[in-house]
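**Student:** In case you want the letters, here they are:
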Amino acid sequence: MANLNVTIAGVEFQNPVIAASGTVGFGREFSEFYPLSVFGGISCKGITLKERPGNPPPRIAETPGGMLNSVGLQNPGVEHFIKEDLPWLRQQGTVVIANIAGNTPEDYCAMAEKLSDSSVDMIELNISCPNVKQGGVQFGTTCAGVEGITAAVRKHCRKPLMVKLSPNVADIGEMAAAAESAGADAISMINTLTGMRIDIKTRRPILRNNTGGLSGPAVFPVAVRMVRQAYKRVKIPIVGMGGVSTWSDAVEMMLAGASAVQIGTVLFRDPYAPVKIVEGLEQYLKENKIASVTELTGGMEEW
Amino acid sequence: MKKYDVRSCTILRKEKLTQDVYDFTVEAGPLADAAQPGQFAQIAVPGKTLRRPISVCEIDRARHTLRFVFQVRGEGTRILAGFEPGEALDILAPLGKGYDLGDTNRRVIFVGGGIGLPPLLAAAQPFGKNAILVAGFRTKSAVILKEDFEAAGCRVLLATDDGSLGRRGNAAELMQGLEFDEIFACGPLPMLRAVCRIAEERGVPCQVSLEERMACGIGACLGCAVKLRGPDGEEHYGHVCKDGPVFRSTQLFLT
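Keeping their order, the protein sequence lines are chains A and B. Heads up: take any position in the first sequence, counting from 1, add 2, and you land on this note's numbering. Heads up: take any position in the second sequence, counting from 1, add 1, and you land on this note's numbering.
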């Protein structure tokens, strides 16, 4: 049987399919469908130092091949997460990644401190949420910003640290290199692309926040290109995401350079997507006589 | 049965009720056994990224079927309307919190506007003759489900915007002079606002079903936010898919 295990920043995942932050909450709703151990890991809903109410509705708009969201980091805060959500999640047999967002470097550092003393397996630094004015995106769009926040958090973080990059930049390779040089153990990419839809009857944006983050199959080719760009610049592992919907998308993302994938929007249409992707990967490896899924990473050859 | 699940459900019956309202009955197996009045389903649309939330109109546990009555509003619902008997719909259900019916011997009133009527039918059926339906439509040709409420034994009062059937005006105006112990409502926001005000004035409980754009339908993505009043009066965002779609009027900021 093909080996689906991957190790990222010293953390072992039983398969390379991870739930993307913001798409399965803290896992409870999806545990109604199947044991959460079908996921290699779960990146939890983005958490902030204090509870956040999120943005006013409407928060969702469908787009061709995708969707826009402007949830705005609604979450119960880091203390609540550690006390109420983490103990339960810890028992589900999957890797737990805490995704953190903040207004200031101090926020991020305080959360990294608290979570370093918790049982999370990994911390994902969200410096790329496009839906809040102060959701870290101001740190994520310049090299100096990425380097500064990563270095600051690194000093307080005693867990493996993954930095989630924004696609809303000129050269994502530079951002990846900046995160690596500042001490990131891994990179995850891409967060959503900023977009807008307009209701032609009311002449107002559909989203109350005016703009939102675009995700889903529509962004997949952009994500593959960006993962490839980053792969050429850094040595640390990359977790690829952005429109990954099928096992073949997962293979493609890994060939571009990803060591694992995160899936998000597809879960809203098909909650059973992770089961199908894992099975499909296994079958693909078997048929192509590939012993380990890790052999796919970066396996593409450019023309 | 899980709390909710995905299932391929064969369409047993399809009818076109008005120019843009369709009526499907599907074989839903355990999804029908678990469904409650006021709950909804997320139906997958071929070629679309997101499912479409559609309220449950009728539940037949003996036959394991669910009935969905929906309006074509955009491309997604137009695609759904093109499905034919014998074909299968990919359905995630039953979702959300439905109506809390309580004692069905009480005299209650159902207030519906247009495409707001379908979720009220399953809730009204157990009340039978103890229920009055007041329903508002744009015009005579838009009237739906009148016979279904009558078949359940309910007294039906209609209003149309243009006066082509029943009283000219809106459904809330028909509530004047009627006696009831609780209100169940679903329809456009201005109607719900009027109904909640009437409930407050008369001091009767009121449950309303809301809609919002949603993605996951189960409470994970936090997309379908709605501002709610907590027990101490404090404001917070709840979610239509999980905390609703049916809410107590006292939880909402509609009036």
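Just so you know, the hints here were simulated from the structure itself, not pulled from any lab data. Check the hints yourself; a few may be wrong.
Straight-line distance between alpha carbons at most 30 Å, and here's what the computed BS3-like set of lysine-lysine pairs gives [claimed, not checked]: (1) K17/B x K49/B; (2) K85/A x K228/B; (3) K116/A x K237/A; (4) K15/B x K147/B; (5) K234/A x K291/A; (6) K3/B x K49/B; (7) K141/B x K15/B; (8) K52/A x K98/B; (9) K141/B x K4/B; (10) K243/B x K52/A; (11) K141/B x K243/B; (12) K98/B x K130/B; (13) K49/B x K278/A; (14) K130/B x K203/A; (15) K3/B x K85/A; (16) K141/B x K52/A; (17) K4/B x K15/B; (18) K157/A x K85/A; (19) K52/A x K203/A; (20) K85/A x K147/B; (21) K203/A x K228/B; (22) K278/A x K243/B; (23) K98/B x K49/B; (24) K130/B x K141/B; (25) K288/A x K278/A; (26) K4/B x K203/A; (27) K15/B x K49/B; (28) K130/B x K147/B; (29) K203/A x K141/B; (30) K243/B x K85/A; (31) K130/B x K278/A; (32) K85/A x K130/B; (33) K4/B x K278/A.
Computed Cβ-Cβ distance ranges for the label pairs, DEER-style [to be verified]: (34) T11/B x Y36/A: 21 to 27 Å; (35) R198/B x E108/A: 45 to 51 Å; (36) L179/B x P223/A: 34 to 40 Å; (37) E81/A x P206/B: 32 to 38 Å; (38) Y274/A x R139/B: 50 to 56 Å; (39) S121/A x P206/B: 55 to 61 Å; (40) D101/B x E86/A: 36 to 42 Å.
Quick reminder that beta carbons are idealized off the backbone N, C-alpha and C, glycines included.
**Student:** The structure should be examined with respect to each hint, and the outcome stated for every one.
**Tutor:** To see whether the hints hold, each was checked on the structure:
{"no.": "1", "hint": "K17/B x K49/B", "result": "23 Å, holds"}
{"no.": "2", "hint": "K85/A x K228/B", "result": "25 Å, holds"}
{"no.": "3", "hint": "K116/A x K237/A", "result": "28 Å, holds"}
{"no.": "4", "hint": "K15/B x K147/B", "result": "18 Å, holds"}
{"no.": "5", "hint": "K234/A x K291/A", "result": "27 Å, holds"}
{"no.": "6", "hint": "K3/B x K49/B", "result": "26 Å, holds"}
{"no.": "7", "hint": "K141/B x K15/B", "result": "22 Å, holds"}
{"no.": "8", "hint": "K52/A x K98/B", "result": "29 Å, holds"}
{"no.": "9", "hint": "K141/B x K4/B", "result": "39 Å, violated"}
{"no.": "10", "hint": "K243/B x K52/A", "result": "23 Å, holds"}
{"no.": "11", "hint": "K141/B x K243/B", "result": "35 Å, violated"}
{"no.": "12", "hint": "K98/B x K130/B", "result": "25 Å, holds"}
{"no.": "13", "hint": "K49/B x K278/A", "result": "19 Å, holds"}
{"no.": "14", "hint": "K130/B x K203/A", "result": "42 Å, violated"}
{"no.": "15", "hint": "K3/B x K85/A", "result": "27 Å, holds"}
{"no.": "16", "hint": "K141/B x K52/A", "result": "53 Å, violated"}
{"no.": "17", "hint": "K4/B x K15/B", "result": "27 Å, holds"}
{"no.": "18", "hint": "K157/A x K85/A", "result": "24 Å, holds"}
{"no.": "19", "hint": "K52/A x K203/A", "result": "38 Å, violated"}
{"no.": "20", "hint": "K85/A x K147/B", "result": "52 Å, violated"}
{"no.": "21", "hint": "K203/A x K228/B", "result": "25 Å, holds"}
{"no.": "22", "hint": "K278/A x K243/B", "result": "26 Å, holds"}
{"no.": "23", "hint": "K98/B x K49/B", "result": "26 Å, holds"}
{"no.": "24", "hint": "K130/B x K141/B", "result": "24 Å, holds"}
{"no.": "25", "hint": "K288/A x K278/A", "result": "15 Å, holds"}
{"no.": "26", "hint": "K4/B x K203/A", "result": "38 Å, violated"}
{"no.": "27", "hint": "K15/B x K49/B", "result": "22 Å, holds"}
{"no.": "28", "hint": "K130/B x K147/B", "result": "14 Å, holds"}
{"no.": "29", "hint": "K203/A x K141/B", "result": "25 Å, holds"}
{"no.": "30", "hint": "K243/B x K85/A", "result": "22 Å, holds"}
{"no.": "31", "hint": "K130/B x K278/A", "result": "49 Å, violated"}
{"no.": "32", "hint": "K85/A x K130/B", "result": "50 Å, violated"}
{"no.": "33", "hint": "K4/B x K278/A", "result": "21 Å, holds"}
{"no.": "34", "hint": "T11/B x Y36/A: 21 to 27 Å", "result": "24 Å, holds"}
{"no.": "35", "hint": "R198/B x E108/A: 45 to 51 Å", "result": "47 Å, holds"}
{"no.": "36", "hint": "L179/B x P223/A: 34 to 40 Å", "result": "60 Å, violated"}
{"no.": "37", "hint": "E81/A x P206/B: 32 to 38 Å", "result": "36 Å, holds"}
{"no.": "38", "hint": "Y274/A x R139/B: 50 to 56 Å", "result": "40 Å, violated"}
{"no.": "39", "hint": "S121/A x P206/B: 55 to 61 Å", "result": "44 Å, violated"}
{"no.": "40", "hint": "D101/B x E86/A: 36 to 42 Å", "result": "27 Å, violated"}
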